[in-house]
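Visitor: Here is what each chain is made of, one letter per residue.
2 protein chains.
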Amino acid sequence: MQYPNNIKKCFTKLSVSHSNRGMNLENALNSSNNYYLKKDYALIYKKPTPIGVVDVSYNNHKKIIEKAYFKEQSTLDYNGLYRGKYIEFDAKETLNKTSFPLSNIQEHQTNQIRNVIKHGGIVFLIIRMNNINYLLTGEDYISYIDTTNRKSISYKYIQEKAHIIKESYQPQLDYLKVVDKVYFEGE
Amino acid sequence: MQYPNNIKKCFTKLSVSHSNRGMNLENALNSSNNYYLKKDYALIYKKPTPIGVVDVSYNNHKKIIEKAYFKEQSTLDYNGLYRGKYIEFDAKETLNKTSFPLSNIQEHQTNQIRNVIKHGGIVFLIIRMNNINYLLTGEDYISYIDTTNRKSISYKYIQEKAHIIKESYQPQLDYLKVVDKVYFEGE
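Listed in order, the protein sequences are those of chains L and Z. Every letter in the first sequence is one number past the one before it in our numbering, and letter 55, counting from 1, is 70. Every letter in the second sequence is one number past the one before it in our numbering, and letter 140, counting from 1, is 155.
No lab work stands behind these hints: they were computed from the structure. Careful, some of the hints might be misleading.
Because identical chains share one entry, a pair is satisfied inside a single copy or across any pair of copies.
Straight-line C-alpha distance at most 25 Å; calculated DSS-like pairs for lysine-lysine [stated by the list, open to error]:
hint, residue 1, residue 2
1, K196, K54
2, K62, K171
3, K192, K78
4, K133, K62
5, K133, K54
6, K61, K112
7, K62, K86
8, K53, K86
9, K61, K78
10, K78, K62
11, K171, K82
Same shape as in the complex, but just chain L:
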């Protein structure tokens, strides 16, 4: 069967949609960060994805990108300032029900997590799994991968160690409430 080109384009988009799995989680986090910003609770932003520009043109002295490709972020995707502290984190989503595949986290991201811990910042992963959002501290993540050779984190470990982030209307994901409990309790 022959499909028209615009339909074919749709198939291509669908076939790469797994790379957009984090989209809903990302939207929820962006909306939560906007809420925190408006309420003056925290200054936390998603970093723009870096690009490599191949070709540009100029229209009325305005630079237009005519060809470019996405590059890899050197850091985690989100960073900012909360209660005088540096915060950095990344958001990961898996459809897997029994374990979180470590292939979701690249080596330079693991290095960045180690570095932020070493320099005294707050660093964590937000993991959406089985429709629940968890905050796993950088320390618990590093302690896991340093003591195992497994290629995934069992769901049991996440349930035991990670902290559930409540969903609500606003902010959609109130992860700073977990940060308060985990990093600021007693202050």
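For this one, chain L is given, so just place chain Z on it according to the hints.
Guide: Leaving out everything else, chain Z in the frame of chain L:
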């Protein structure tokens, strides 16, 4: 006189070159940040410039940007973590010899400076003027604009309040030495 197209393109590039005035300063800062990173002194990065994507194509499931434009950064350009503290700054360059035009700093950047101060972070401007690199603290910048209606900062104020950043081979601009003195003295 008619010029060939490739020469015309050159003219267009030259005519917008004032927007690239900060390029050398930016390169010096990127190289200094790489040095700090390699030496494990600090984790400080320039944020990628955000873009608005108009059109994409797919090549072997890899997304190619076919048209896009540059958007404005919501924050200052550089941020990161140093000695357990959140740091954010921007770099500005002027060819003006007697005063630094405030038109170089946009309103949302001034707001961001106020916000970082309020939330307990370290924030400053690196200003290159008369071939000297100065670090002007966010506090001194805000105190200036809140007490004057002038459209520029006089060079005299910069000489009095700002701190000279020494240039060397590596790091090219050792601005963290100034940060040590201004923000960590006595620790």
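Visitor: Does each hint fit the structure? Answer for all of them.
Guide: How the hints compare with the structure:
1. K196 with K54: within (20 Å within a copy, 33 Å between copies)
2. K62 with K171: Neither: 31 Å inside a copy, 36 Å across copies.
3. K192 with K78: Classified as neither: same-chain Cα gap 42 Å, cross-chain 36 Å, threshold 25 Å.
4. K133 with K62: both (22 Å within a copy, 22 Å between copies)
5. K133 with K54: The answer is between: 13 Å across copies meets 25 Å, while 31 Å in one copy does not.
6. K61 with K112: Answer is neither; intra-copy 27 Å and inter-copy 37 Å both fail.
7. K62 with K86: Classified as both: same-chain Cα gap 13 Å, cross-chain 13 Å, threshold 25 Å.
8. K53 with K86: Cα proximity of K53 and K86: across copies only (21 Å, versus 30 Å in one copy).
9. K61 with K78: both (24 Å within a copy, 20 Å between copies)
10. K78 with K62: both (21 Å within a copy, 19 Å between copies)
11. K171 with K82: Answer is neither: 45 Å inside a copy and 45 Å across each miss the 25 Å cutoff.
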